[in-house]
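Using the hints provided, position chain X relative to the given structure of chain V.
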Amino acid sequence: MLFDRRIKEPNPLRVLAQDPYAFGICTKETDFSVEVKELNVEKNYLILRKRIDGSVGYICIFERGSLTIEEMRSIYAEFRNLVLRLTNSNFREVELVLICKHYDAEVLESISEYNRTYTHRVPIKLILNEY
Amino acid sequence: MKGAFICTLSEEDWEKTRLLGIYGNRFFKEGTSKVLKDTQQLSIIRDLISMREGDLVFFHIRGKQTIHGVYEVRKTPYFDDQERIWDNKVEVFPYRFLFKPHPNYAHIAEYDANIEVHSLYEFIDRGMIQSLVTLENEQNIEARGVRKILVEDAKLIISLLHRDFKFRKNREKLEFAPYNPPSDVKPLKDCLYKVGNIENAIKAVIMYILAYNPSQILNEIKNKRELDRKELDFVNEFFIAQTTRKSVDIYARLKGIHILFEVKTDVADENALRQAVYYRDLLWQRPWINPEKDKIFVVVVGQRFQEKLKQSVERLKKMNNGIHLLQYRPINNGKWAEFNYVI
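Just so you know, the sequences run in chain order V and X.
Numbers 1 to 131, taken from the working numbering, label the letters of the first sequence in order.
Numbers 1 to 343, taken from the working numbering, label the letters of the second sequence in order.
The shape of chain V in the complex, shown without the other chains (with noise of 0.2 Å):
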């Protein structure tokens, strides 16, 4: 199953806002220190900053009631902003999480294979909201 993890929460971003490690997306011993890099309410995504000896990386959630594939494209173009805003388009020092309640069949579709032709990348993570 492509899902990563399951989990119940009224307000995930916010929760993850206050403590980055919470649902274990994160863990203190694979992304080491994490910090808040930026909290986007009206577009609803957080973006987490792996750091060690300065910053090692990103994580940026992205957090959505439904995804349709036309919503996976908005995120998706958002996504690649970020990465060059982040990391000048370097993509493999960029993770993508998505949170979502609601999904259709075919962005699971293009999600797994998105995982499976960008091998130099970091695959996208999906996360079911089951509140």
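It is possible that some hints are incorrect.
Stated by the list, open to error - In silico EDC-like cross-links for lysine to aspartate or glutamate, where the CA-CA straight-line distance does not exceed 20 Å:
1. X:Lys318 with V:Glu71
2. V:Lys50 with V:Glu29
3. X:Lys308 with V:Glu106
4. X:Lys293 with V:Glu78
5. X:Lys317 with V:Glu29
6. X:Lys317 with V:Asp104
7. X:Lys308 with V:Glu109
8. X:Lys317 with V:Glu106
9. X:Lys317 with X:Asp269
10. X:Lys318 with V:Glu78
11. X:Lys295 with V:Glu78
Hints are computed from structural coordinates only; laboratory data are not their basis.
Please read these numbers as outputs of a predicted model, since none were measured by experiment.
Positioned in the frame of chain V, the structure of chain X alone reads:
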């Protein structure tokens, strides 16, 4: 836009080459009487076939480690194994083209002005040359006599030739006595063979089309908008990752649009796509790409496409565009090809 080329030759052949305005590429393996294999013959054609009259040419003299210029093409490449030009008992250097001092830079060429190869390498190390990583023959990398370079890089070489002109030129103006071949020599376009069997053959066809009729394969990408040929520049065997020497088969660019061609002789599969999208990620990081404004397209070329590849591209297109599959069909007994966009 005119194209630009750097051609490598030996020191002993330079004097005659320059005097007569004729360059020839080899038919036999260097230092032997063994004919080059088909792959190598076709790589020579692939590198030369897109040359047009008026294109800029520079010459890299191997032993001296110098680059000479500025010249322009006066006759496009052809094959002639009858007329012996150079003093070599075995080799006739039959893959030829003609050139003359570039009219805008005759003051440079007439005095055989040159720069040290190392002064060019300094700019490569600074990331200021886009289409060259080295002129040396490296282990495990195809030896090439002719390299197409981006015009932007050619402009830098012209400026270096002017910079060093005062110090690196002949004292006297040199004679130029242009050679002209018989009228019945065979244009290089007519020398192609094994299209559909050898990768360099189909690459050569694409290079020719980009030079002479680019709309044929670029219109789909331009969304049917009129293609302005003055904006187009392209190179083959383009090193996208210099340290690991990863090269894109063909790289073309128009204003703000970059196209990476990944070419397969027969079946293209998911590995071809994986490689091409990785190259696209690497290209995004080049300092001369504007990620906010530019677009990079990936075109996978093949005679056939694995069904899984087609599905994969269709699925990816739903969230991110810019991947195309270009099918080719060998025609005229493998001497040319027709193209058709599948996706």
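Here is what the structure says about each hint:
no.	hint	result
1	X:Lys318 with V:Glu71	holds, 11 Å
2	V:Lys50 with V:Glu29	holds, 12 Å
3	X:Lys308 with V:Glu106	holds, 16 Å
4	X:Lys293 with V:Glu78	holds, 14 Å
5	X:Lys317 with V:Glu29	violated, 36 Å
6	X:Lys317 with V:Asp104	holds, 16 Å
7	X:Lys308 with V:Glu109	holds, 13 Å
8	X:Lys317 with V:Glu106	holds, 11 Å
9	X:Lys317 with X:Asp269	holds, 17 Å
10	X:Lys318 with V:Glu78	holds, 15 Å
11	X:Lys295 with V:Glu78	holds, 15 Å
Hint 5 alone, counting from the list given before, is not met by this structure.
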